[in-house]
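**Q** Sequence:
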Amino acid sequence: MTAWVIRSGQYGERAEWAWEKGYSGAGWQAVGPELLSCKTREEVQSYAAEKYAHKPQALPNITAQLWMLLGRITIGDLIVMPIKQTREIALGWASTSLQYLHNEEDPSKRLVIGVNWVNRVPRTAVKQDLLYSLGATLTVFSPSRNQAEDRLKALLETGTDPGMRQESLEKAAAVLSSVAAGDTGNDPDVPAIQQDIEEMALDQISELISQEFTGHGLTRLIGDILRAEGFNVEESPEGPDGGIDIIAGRGLLGLESPKILVQVKTPKVDRPVVQQLTGLVSSHEADYGLIVAWGGLTSDARREVMSKRFRLKVWDDQDIIHAVLSNYEKLSSTTTQALPLKQIWVPGETADTALE
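Residue numbers for the sequence shown follow my numbering, so the first one is 5 and each next one is one higher.
Source of the hints: derived by calculation from the structure; they are not laboratory data. Glycine included, every Cβ here is placed at the ideal spot set by N, Cα and C. Check before you lean on any hint, since a few could be wrong.
Unchecked claim - Ranges between beta-carbon positions, derived for each pair: (1) GLN280 x GLN215: 26 to 32 angstroms; (2) THR164 x LEU345: 24 to 30 angstroms; (3) GLY234 x GLN103: 49 to 55 angstroms; (4) TYR332 x GLY167: 28 to 34 angstroms; (5) LYS157 x LYS334: 28 to 34 angstroms; (6) PRO111 x ASP245: 46 to 52 angstroms; (7) GLY283 x THR6: 48 to 54 angstroms.
Produce the complete structure using the sequences and hints provided.
**A** Okay, structure coming up:
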């Protein structure tokens, strides 16, 4: 068994489609069914040179990734699909070889591998070193370092990352150095790997928030964010709260609209929590409810929120991180001391490096 990461677009825009239909994340819109007739890597290279003549610098990486899809991924391999919108990782088993969906209207959804999707886990369930291994900017690659295959299999089966087995610090440091340097072990079938710096930074911020704002600390962080946004905030004390962690409103007394009730949850939120907050919003004559779901939502809870989408809003871990970044300079010194961040500028993606 080999583990493969197959992304679903630059912004993860095809992820839910792939999950629901039982396919990999597709892409490669310029590629037609002729690719399936290629028998060797050299034939794939010639075909890619024709289809991607406008991307000469990216041709080696494109060739390597198309050859992975066509010639290296086999039925029974483990497929990993990061889902950007929900900051989850989907895991399943390859059920077919590469195929071309002639009847699919969207050309970006035609080149796929069948996948029996099994599990979706939040990125917060994955340890930092494994997230680093999954952080390449490529559309298709095999995360072989940091015992990735065994750990991804455990994530698929149990939803838990067991971590590395008895690895020395020296070896772990050497692994990280080789990944950072783009070392591919001189394998011609492996594309040059570059890390997704933005994704890595978000993962590190997520881990820091998880460490520094545990339990009621997350409520204090959300309260601080709402104050930075101009709300008058009343936080419930630690302990039983009757389903309301924060009351927020505009104006000197917090009585002006929008008036918001907030429920803060670290574990995955299920449907009863959504139903409870919906009732509380009505009984307290609030305008809206906000569910802070650091661990995400169950599928039933997500459907319930959609049915109440003009009364309820959900913040998952990604929303919280972006709210922190948007308001960082206005947050309290207590928060910024616990969450020290600095802003840097890095080169963005070019036409040659953008995900398919």
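**Q** State for each hint whether it applies.
**A** Okay, the hints, checked on the actual structure:
GLN280 and GLN215 have their C-beta atoms about 29 angstroms apart, which keeps the hinted 26 to 32 angstroms range intact. For THR164 and LEU345, the hinted distance range of 24 to 30 angstroms is satisfied, since their beta carbons lie about 28 angstroms from each other. Checked against the given bound of 49 to 55 angstroms, the beta carbons of GLY234 and GLN103, roughly 53 angstroms apart, stay inside it. Distance hint for TYR332 and GLY167: a CB-CB separation of about 31 angstroms, consistent with the stated range 28 to 34 angstroms.
For the hinted restraint 28 to 34 angstroms between LYS157 and LYS334, the CB-CB distance of approximately 44 angstroms leaves it violated. Between PRO111 and ASP245 the beta carbon distance is about 51 angstroms. The supplied range of 46 to 52 angstroms therefore holds. With their beta carbons about 49 angstroms apart, GLY283 and THR6 fall inside the hinted range of 48 to 54 angstroms.
Of the hints listed earlier, the one the structure fails to meet is number 5.
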